[in-house]
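S.K.: In order, the protein sequence lines correspond to chains A and B.
Read in order, the letters of the first sequence correspond to residues 1 to 356 in the numbering used here.
Read in order, the letters of the second sequence correspond to residues 1 to 356 in the numbering used here.
Calculated directly from the structure, the hints in this document are not laboratory data.
Even glycine gets a Cβ: it sits at the ideal position worked out from N, Cα and C.
A hint or two may mislead.
To be clear about the criterion: a stretch of chain A counts as covered by chain B if any three or more of its residues have a C-beta under 8 angstroms from a C-beta of chain B, and this derived list gives those stretches [said to hold, decoys possible]:
no., segment
1, 118 to 132
2, 152 to 161
3, 185 to 197
4, 244 to 258
5, 301 to 311
2 protein chains.
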Amino acid sequence: MKNIETLHWVGKQDGCLRMIDQTRLPLEFVEIECRDVEAVWEAVKMLRVRGAPAIGIAAAYGVCVGLQTVSNCQDEADFFGRLDEVTDYLATSRPTAVNLFWALERMKETAGQFRGKKSPAEIAAILLAEAKAIHQEDRRICRAMGRHGAKLLADGSGVLTHCNTGGLATADYGTALAVIFAAAESGKRLRVYADETRPLLQGARLTTWELMQRGIDVTLICDSMAAWVMREGRVQAVITGADRIAANGDAANKIGTYGLALSAAAHDIPFYVAAPASTFDLSLADGGAIPIEQRDPAEVTHGFGRQTAPDGVEVYNPAFDVTPARLIHTLISEHGLIRPVTREKIAETIAPTPAA
Amino acid sequence: MKNIETLHWVGKQDGCLRMIDQTRLPLEFVEIECRDVEAVWEAVKMLRVRGAPAIGIAAAYGVCVGLQTVSNCQDEADFFGRLDEVTDYLATSRPTAVNLFWALERMKETAGQFRGKKSPAEIAAILLAEAKAIHQEDRRICRAMGRHGAKLLADGSGVLTHCNTGGLATADYGTALAVIFAAAESGKRLRVYADETRPLLQGARLTTWELMQRGIDVTLICDSMAAWVMREGRVQAVITGADRIAANGDAANKIGTYGLALSAAAHDIPFYVAAPASTFDLSLADGGAIPIEQRDPAEVTHGFGRQTAPDGVEVYNPAFDVTPARLIHTLISEHGLIRPVTREKIAETIAPTPAA
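Taking the hints into account, I'd like the entire structure generated from these sequences.
M.R.: Put into structure tokens, the structure is as follows:
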């Protein structure tokens with residue numbers, strides 16, 4: 001298969017962030033280079049790069065790009081002032097995926113450790129290394145999620161997924177799709193049903209493309225067909241990613257996930273969510289506090305090249321919904337499977353108490 | 001509001017069937033004239049006219065158009081041969097909506113009553129009158145459904161609907177939308193959520209348009225948002241039409257209806273189905289025997305004016321699903337409300353036993 005590199009740093013300290021423009025897939029394979037923080041912000045906002053883990057990585061590199069304007073300055077206060085400015089700005093790009101905030105916080109903490117000890121240029125170099133470390137860790141994390149989750153999928157089964165959670169949503173390999181990839185690599189034959197995922201069709205454009213590249217049997221359906229596909233007995237498991245998971249297991253994910261979870265429950269089909277530890281927000285008691293991004297009505301009314309609704313129609317376009325923990329059979333993290341999905345089990349898996 | 005005439009007969013016996021080309025709405029208002037039976041077949045197949053009742057009316061007029069080639073012939077056998085040919089042909093246009101078969105059967109029965117008693121020209125005139133009667137009856141039926149159903153919708157409530165079930169799906173006024181129109185006309189303030197209804201976007205293109213024409217508050221959502229909109233407490237009732245209802249109340253309707261019914265059940269929101277008696281197929285014990293039309297994959301992969309999925313992707317595109325009777329709170333027919341939805345209650349309402 002074609003080696004997909006969702007995003008990567010090009011060059012040395014004065015380099016740039018190069019990424020696949022995912023809005024152009026699958027018909028065009030175009031890479032763009034972000035040479036200032038505004039370009040990174042725009043790429044995240046416009047979903048040129050999307051998927052919670054990939055957004056986190058892009059944000060980390062975005063900090064590096066943003067600091068290039070001050071990396072040769074001698075004034076520490078100027079440097080840290082710019083760091084705050086850049087991280088605050090990137091934080092406004094998309095509100096729901098917590099990986100964005102997690103990555104920005106990690107970059108700030110790393111920088112803070114060296115304040116007063118290293119020069120701005122040295123700290124800038126440390127931050128680029130940190131962004132690369134976040135990127136590299138994500139590769140390992142995705143493989144681990146795949147390995148842990150693969151055992152949940154039976155040979156010969158039908159698996160339904162929503163949105164895109166593959167290599168394109170992460171450093172590579174994916175979250176929910178990693179589980180499918182790992183099961184397929186272990187020799188299991190799977191039939192995947194991919195929801196097209198309106199309004200932006202990440203399932204139709206990206207998930208089918210990734211699965212076809214890997215030779216995995218995939219059938220595209222409209223989102224509204226999922227319940228019927230379950231009713232017909234075509235699906236034995238549903239697996240999605242997540243953009244933010246609260247301490248009790250409530251999971252925000254692409255709009256439509258909640259309805260899928262309800263349908264899965266009605267058919268006694270297990271509903272799995274695969275997400276790295278960086279997607280958990282243990283500061284939130286439950287999903288009620290997760291901010292839900294509202295997006296441009298034009299995504300619904302002018303989806304793909306032409307207007308498909310009357311001028312001036314009112315539109316409601318939430319980008320995410322929240323699936324309550326009780327509907328999630330198992331959470332799949334890089335640290336292992338979390339089931340049953342309880343506050344206690346999440347706490348001990350995601351933030352383990354240091355050994356006594 | 002603009003007076004919508006979904007379809008109508010133009011001229012005398014040698015006239016034609018004129019209809020709004022609904023595939024062009026809402027951006028273009030174009031009427032087409034069907035001057036041979038092939039044009040009627042194509043219009044039904046391609047959804048230029050759609051909605052179970054409107055398909056039935058189109059089929060009845062289609063018989064009249066098809067008989068124009070023999071209406072001046074003197075040979076009764078030729079005339080009835082052509083009648084069989086035309087009805088058999090029209091029956092192949094779409095398999096799920098039973099109103100199509102109901103209308104064709106009614107036309108054949110009417111003709112049969114006059115076989116040997118009237119000339120082909122006279123029978124052709126009787127059949128055009130019969131088609132106009134079916135058309136006119138549908139207007140009365142829609143008003144009756146609206147009247148019976150309106151009491152189910154509370155003032156100030158949110159109502160979610162799927163596909164298009166308004167004037168465009170019927171002679172005029174509609175089935176499920178008739179209920180909304182009648183409630184609004186009685187002074188109730190409603191907020192309607194209209195599913196866009198992939199793949200052909202009848203909700204986005206047609207339902208929003210009809211509601212806006214009548215000044216009713218409507219908000220367009222993607223199909224995948226419906227469950228979340230319910231969860232947020234925005235919806236107090238769900239109402240759809242149907243394409244075929246079995247004797248036990250199982251109802252085939254536009255793909256996505258079943259998932260909506262599951263979501264409504266999960267939120268204790270009543271799920272209503274509005275359909276005329278001609279949509280009931282009492283010859284089928286349950287929904288398992290309803291044929292489900294499979295449509296062109298291109299509706300999914302090239303839905304919005306450009307390709308949105310990889311070349312060669314496998315697609316599953318059922319046009320309908322079946323909602324089990326147990327999920328339907330009330331059936332709304334022109335003869336009154338049917339609840340609970342049981343075989344007995346349906347039989348007594350739809351096919352009443354002649355008074356002793």
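S.K.: Hints first: check each against the structure and report whether it holds.
M.R.: We went through each hint and held it up to the structure:
1. 118 to 132: violated (count 0)
2. 152 to 161: Contact hint for the segment 152 to 161 of chain A vs chain B: violated, 0 residues under 8 angstroms.
3. 185 to 197: holds (count 4)
4. 244 to 258: That given contact holds, which follows from 3 residues of the segment 244 to 258 of chain A lying within Cβ reach (below 8 angstroms) of chain B.
5. 301 to 311: holds (count 9)
When each numbered hint is compared with the structure, violations occur for hints 1 and 2.
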